[in-house]
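S.K.: This is what each chain is made of:
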Amino acid sequence: MQQTRSVEIGTGLFVLLGMSALFFLTTQTTGGQDFSAADTFEVEARFENVGSLKDRAPVAMSGVTIGRVTSVTFDPVTLEAKVLFVIDSQYDQIPDDSDASILTSGLLGSQYIGLQAGGSDIYLEDGGEILFTQSAIVLENLIGKFLVNAGSSKD
Amino acid sequence: MKALIRDLHSTVLEFVRTFGAFQLFFLRLLRHTPKMLLKRPRLVIKQIYNAGALSLVIIMVCGFFVGAVLGLLGHNILARFNAEDAIGTLVAFALIKQLGPVFTALLFAGRAGTALSSEIGLMKATDQLSAMEMMAVNPVRRVLVPRFVGASVALPLLVAIFICVGLLGAHLVTIELLQVDAGAFWQQMRLALADKDIFEFIVKSVAFGIVAGLIAVWEGYNAIPTAEGVGLATTRTVVITAISVLILNFMITAVLL
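Chains as they are written, first to last, in our numbering: chain A, 7 to 161; chain B, 237 to 493.
Just chain A, with the same shape it has in the complex (with noise of 0.2 Å):
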């Protein structure tokens, strides 16, 4: 009897120590980009570079998380890259002149959208759109430019 008490013990033990791993994993390990909020509206931007912006990317307001991008998407009659992404409802104050900026966080990490805020009264909407845009920056253009540059200054 003493000797089936440990052994169920012991089991009990092992079960709850990997069911505990294994929340852990689920729910520790990953998302970073976790926002879900059960309100949101969405917002377009029109970026002449979205870099390696992709779906399920943060965006970020003075670094705060407050909402994701849905689709990064190609228009073929502006030729632009249109990136659609909604903002948790709470935040229904930011005002429609605000500019977006491609960041990337860290040197290595990926990229994301910024939101600086701007001075007008009219706050965004669902369907709003952004028209002030900063493009990524892309590293190899800016090289490019910095090599140019230089191979002129020269003279």
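Because the hints were derived from the structure by calculation, they are not lab data.
A few of these clues could be false.
[Claimed, not checked] Label pairs and their in silico Cβ distance ranges:
{"#": "1", "chain 1": "B", "residue 1": "Ala-430", "chain 2": "A", "residue 2": "Val-70", "range": "18 to 28 Å"}
{"#": "2", "chain 1": "B", "residue 1": "Leu-308", "chain 2": "A", "residue 2": "Glu-50", "range": "42 to 52 Å"}
{"#": "3", "chain 1": "B", "residue 1": "Lys-432", "chain 2": "A", "residue 2": "Val-70", "range": "21 to 31 Å"}
{"#": "4", "chain 1": "A", "residue 1": "Leu-90", "chain 2": "B", "residue 2": "Ala-257", "range": "51 to 61 Å"}
{"#": "5", "chain 1": "A", "residue 1": "Gln-122", "chain 2": "B", "residue 2": "Ala-430", "range": "37 to 47 Å"}
{"#": "6", "chain 1": "A", "residue 1": "Ser-58", "chain 2": "B", "residue 2": "Ile-488", "range": "21 to 31 Å"}
{"#": "7", "chain 1": "A", "residue 1": "Phe-138", "chain 2": "B", "residue 2": "Ala-430", "range": "29 to 39 Å"}
{"#": "8", "chain 1": "B", "residue 1": "Ile-241", "chain 2": "A", "residue 2": "Lys-60", "range": "56 to 66 Å"}
{"#": "9", "chain 1": "B", "residue 1": "Asn-318", "chain 2": "A", "residue 2": "Met-25", "range": "20 to 30 Å"}
From a predicted model like this one, the values you see are computed outputs, not experimental measurements.
The C-beta atom is built at its ideal place from N, Cα and C for all residues, glycine as well.
Place chain B on chain A using the hints.
M.R.: This is chain B only, laid out in the frame that chain A set:
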């Protein structure tokens, strides 16, 4: 020449026959599983203890050092590019997607699989299984099913523990010893890992659990009932489990990539 062809023919036929018998054996185990779980859960619990709780030490020690060495090696190479912050991502990807499930399954085959097949093989060699049949007790249901279920339940839990301890090992080595920033370590990992990666690890660990349990039970049940036969069955358990797990790992990775 004719004899050679006949030989080859019978070898191929024998292989196909074994494979088919193996599948039927699996179905037979599955058919008895629900009834066994409801009527004799204690037998299953005992086997989860044998296969899982008793394997904890080897799994945790190995997991810790696998994680630690990944951290050490990854840091050494990433430091050349000044990208030490990505070490968390590297370790987590390696552990969760590949090393965790595969390594645990291989250790499990060595620690628990061999114990199962030699136990069942010895029961067969000492006519305990026949004795059960004489008493109208179905040995498949009484002996094999609890062991198979125990192994299949224990392995996924062991994999999760292995990965957690591995992450802890990598954390200690890279953050405490190599002075990587802890925030960067965990945050970069969280940004890089998606739910899909966790899904992959769950699929793999469940599949490996079933395969490892099934092979151990099958080899023990079909062992030649002599001392030599039982030894052979134990060896075959490790070899066949290792091969199947690695092939299966490749296939699941290819499908879920």
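S.K.: Check the following: the C-beta atoms of B:Ala-430 and A:Val-70 are separated by a distance inside 18 to 28 Å.
M.R.: With a Cβ separation near 22 Å, B:Ala-430 and A:Val-70 satisfy 18 to 28 Å, so the hint holds.
S.K.: Between A:Gln-122 and B:Ala-430, does the beta-carbon spacing fit 37 to 47 Å?
M.R.: Violated, since A:Gln-122 and B:Ala-430 (Cβ atoms, about 28 Å apart) do not stay within the stated range.
S.K.: Verify the CB-CB distance for B:Asn-318 and A:Met-25 against the hinted window 20 to 30 Å.
M.R.: Violated, at about 39 Å.
S.K.: 56 to 66 Å was suggested as the range; check whether the CB atoms of B:Ile-241 and A:Lys-60 agree with it.
M.R.: Holds: the Cβ-Cβ distance is about 58 Å, inside 56 to 66 Å.
S.K.: Given the hint of 21 to 31 Å, is the C-beta distance from B:Lys-432 to A:Val-70 inside that range or not?
M.R.: About 26 Å separates the Cβ atoms of B:Lys-432 and A:Val-70, which means 21 to 31 Å holds.
S.K.: Assuming the hint says 29 to 39 Å, is it satisfied by the Cβ distance from A:Phe-138 to B:Ala-430 or not?
M.R.: For B:Ala-430 against A:Phe-138, whose Cβ atoms are near 31 Å apart, the range 29 to 39 Å holds.
S.K.: Holds or violated: 21 to 31 Å for the Cβ distance of A:Ser-58 and B:Ile-488?
M.R.: holds (28 Å)
S.K.: Measuring from beta carbon to beta carbon, are B:Leu-308 and A:Glu-50 in 42 to 52 Å?
M.R.: Roughly 47 Å apart at Cβ, these two residues keep to the hinted range, so it holds.
S.K.: Holds or violated: 51 to 61 Å for the Cβ distance of A:Leu-90 and B:Ala-257?
M.R.: 56 Å Cβ-Cβ, so the 51 to 61 Å window holds.
Consistency note: the structure conflicts with the earlier hints numbered 5, 9.
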